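*Asks:* Chain residues, written in single-letter form:
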Amino acid sequence: MSKFEFPPSIKSRPVYGTLEARPGKGHLMIADADGAEAIMDIATPDLMAQTHIIYIPRGTDFADKLRSLNPAQFYEGPTYAASVSRIRRVLQDAHMGLQVYLAGTEGLMGQAQNEAMMAGIPHTAIQTEHRGSTARRMQCVHCKGITEDVETDPFVCSHCGLNLFVRDHYSRRLAAYQGVCIDAEDPGNVPAPKGIYE
Amino acid sequence: MSAAPQKAKPGAEKIAVNVTAVVPLNDLVTRFEFQRSDGDLFPPFSGGAHTVVTMDDNGRHRLNPYSLMSDPADLTTYAISVRRDDEGRGGSLFMHRNVSVGDRMTITYPVNLFSLDLRARKHVFLAGGIGITPFMAMIAQLEHSNGNWELHYACRTPALGTYVDELRYKYPNKVHIYYDDQNQAIRLEDLLDGQPLGTNIYVCGPKGMIDWVHATASAAGWPDANVHSEEFLAPQPGEPFEVRLCKSDKTITVGEHESLLEAIERAGVEAPFLCRGGSCGQCETNVVSHDGTFVHRDHWLTEDQHASGEKIMPCVSRFAGKSLELDR
Chain A
1 MSKFEFPPSI
11 KSRPVYGTLE
21 ARPGKGHLMI
31 ADADGAEAIM
41 DIATPDLMAQ
51 THIIYIPRGT
61 DFADKLRSLN
71 PAQFYEGPTY
81 AASVSRIRRV
91 LQDAHMGLQV
101 YLAGTEGLMG
111 QAQNEAMMAG
121 IPHTAIQTEH
131 RGSTARRMQC
141 VHCKGITEDV
151 ETDPFVCSHC
161 GLNLFVRDHY
171 SRRLAAYQGV
181 CIDAEDPGNV
191 PAPKGIYE
Chain B
199 MSAAPQKAKP
209 GAEKIAVNVT
219 AVVPLNDLVT
229 RFEFQRSDGD
239 LFPPFSGGAH
249 TVVTMDDNGR
259 HRLNPYSLMS
269 DPADLTTYAI
279 SVRRDDEGRG
289 GSLFMHRNVS
299 VGDRMTITYP
309 VNLFSLDLRA
319 RKHVFLAGGI
329 GITPFMAMIA
339 QLEHSNGNWE
349 LHYACRTPAL
359 GTYVDELRYK
369 YPNKVHIYYD
379 DQNQAIRLED
389 LLDGQPLGTN
399 IYVCGPKGMI
409 DWVHATASAA
419 GWPDANVHSE
429 EFLAPQPGEP
439 FEVRLCKSDK
449 TITVGEHESL
459 LEAIERAGVE
469 APFLCRGGSC
479 GQCETNVVSH
489 DGTFVHRDHW
499 LTEDQHASGE
509 KIMPCVSRFA
519 GKSLELDR
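Listed in order, the protein sequences are those of chains A and B.
Just so we're aligned, residue 1 is where the first sequence starts under the numbering used here, counting upward by one.
Just so we're aligned, residue 199 is where the second sequence starts under the numbering used here, counting upward by one.
Among the hints, a few may not be true.
To be verified - Derived pair list, reagent style DSS-like, types lysine-lysine, alpha-carbon separation capped at 30 Å:
| no. | chain 1 | residue 1 | chain 2 | residue 2 |
| --- | --- | --- | --- | --- |
| 1 | B | LYS509 | B | LYS520 |
| 2 | B | LYS445 | B | LYS368 |
| 3 | B | LYS509 | B | LYS448 |
| 4 | B | LYS448 | A | LYS25 |
| 5 | B | LYS509 | A | LYS11 |
| 6 | B | LYS448 | B | LYS520 |
| 7 | A | LYS25 | B | LYS520 |
| 8 | B | LYS445 | B | LYS212 |
| 9 | B | LYS368 | B | LYS212 |
| 10 | B | LYS320 | B | LYS448 |
| 11 | B | LYS405 | B | LYS448 |
| 12 | B | LYS445 | A | LYS25 |
Claimed, not checked - Label-pair ranges, simulated between beta-carbon atoms:
| no. | chain 1 | residue 1 | chain 2 | residue 2 | range |
| --- | --- | --- | --- | --- | --- |
| 13 | B | ASN346 | A | ILE10 | 32 to 42 Å |
| 14 | B | ASN371 | A | ALA82 | 36 to 46 Å |
| 15 | B | ASN381 | A | SER171 | 45 to 55 Å |
| 16 | B | THR414 | A | GLY161 | 35 to 45 Å |
| 17 | B | ALA413 | A | THR44 | 19 to 29 Å |
Said to hold, decoys possible - Quick look at which bits of chain A chain B covers, simulated, 3 or more residues with Cβ under 8 Å:
| no. | region |
| --- | --- |
| 18 | 67-78 |
| 19 | 114-121 |
I should point out that these hints are in silico values taken from the structure, not numbers from a laboratory.
Here the structure is a predicted model, which is why all the values come from computation and not from measurement.
Ideal Cβ positions, reconstructed from N, Cα and C, are used throughout, including at glycine.
Please build the complete structure, drawing on both the sequences and the hints.
*Replies:* Written as structure tokens, this is what we have:
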């Protein structure tokens, strides 16, 4: 899948790069779905010999390809939530010199970056590469509930049911964009949903 | 009154002080302690901060930055430790020879260009020689909050090990000393290996040591943001050169043993500064025109800016050539 060019936006919006192999004592790569391809692009036998891959396929069939790269450790998780305890354990045991690589959807990269930051790695030292779905992880600013994989703007909060406008205002702490009620002044006056980048 | 750096003002706010103690520590290093002349408490500072001391040397004003090395929790006293540099420009010699208890001096509000990253899980300090001074204040600060730190301190000889005895006595399990004359060296690669995530390292010492720490940490995969360093440059002597200050409509000559910044000040032109050592960026000056070569020595401008010939840091950099015109 080709890479999506995000349109220019406000400073709050995260900017993703392109993964590159960096010198390090160990390498932790966390990816979901098409993010597997970003790992395959930089994989070499030497790098993989020091790499722990944590991968969430989300319906794709890249897992066997990643496994065939022969990483030092490979874990395939059904969901991010199911994988996060392993991510925490790996970071808890890690030392300085660990390189962290994140690839795939914004929701995965944001949440995994948060775990790495809480473990003491500055966010400027964490590499990211966006691949695959451009759907967003959204926080409803009214009920604080998180709705995953939002593709349209506006959308309905999966917790409180308000009609929410999709903002580019991003919270690194929550790893989510902010969704704000779009029809507060005039209830029911909701524009037809369209794709976020349409 | 504000301690915050203010653009376009010459230096931080000043404080009149009395010298309350002069304590020789060894052949090269002497500690000077100050209290405010007005009897008030000093402004609070954080470990790693420096002050610029004004010395009145027979009418010639010398302004040298020194790290504050006293306990940041004690605001009655500021202390600096000065290493005598017999080949230097004379500031440290003036402090050693001419300053005694009871003298009145002027120092600036503290400015910190080398602060602790308080998000760090652990702080590792690497000191070379007189580079121990900022760590004295940082250690005192961390001890008040039960901080997690260790010190690796390289000295030439036991006789020149400034504060070694005090540090070893107070923190026997955290302080590691290495003497050059006993062929002891910091095993940096081993030291970096296995440090917990979130460790920050801080290095203060000679340029070679600072470069070595940055390069070794980077090769071991340490993020740049976790490696901190401070090196004050002293201005180097050089051929005299002439400078046109176009805003002030003055032409000045920079002497062999004075910096461009000092020459500008001597001409009565107010120029901003804070560290006078090429690191803070306050004295950055635009070049209007030039015909010659810059001798850039600062840590502030990028290589591209150095090559562009559009900026100069007058605290440490010089010029050689036909003409130089500055926007000052």
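*Asks:* It remains to establish, for every hint, whether it holds in the given structure.
*Replies:* These are the hints, each one checked on the structure:
no.	hint	in the structure
1	LYS509(B) <-> LYS520(B)	17 Å, holds
2	LYS445(B) <-> LYS368(B)	55 Å, violated
3	LYS509(B) <-> LYS448(B)	19 Å, holds
4	LYS448(B) <-> LYS25(A)	57 Å, violated
5	LYS509(B) <-> LYS11(A)	29 Å, holds
6	LYS448(B) <-> LYS520(B)	17 Å, holds
7	LYS25(A) <-> LYS520(B)	52 Å, violated
8	LYS445(B) <-> LYS212(B)	26 Å, holds
9	LYS368(B) <-> LYS212(B)	34 Å, violated
10	LYS320(B) <-> LYS448(B)	52 Å, violated
11	LYS405(B) <-> LYS448(B)	36 Å, violated
12	LYS445(B) <-> LYS25(A)	54 Å, violated
13	ASN346(B) <-> ILE10(A): 32 to 42 Å	38 Å, holds
14	ASN371(B) <-> ALA82(A): 36 to 46 Å	42 Å, holds
15	ASN381(B) <-> SER171(A): 45 to 55 Å	54 Å, holds
16	THR414(B) <-> GLY161(A): 35 to 45 Å	57 Å, violated
17	ALA413(B) <-> THR44(A): 19 to 29 Å	23 Å, holds
18	67-78	violated (count 0)
19	114-121	holds (count 3)
The structure fails hints 2, 4, 7, 9, 10, 11, 12, 16, 18 (numbered hints given earlier, in ascending order).
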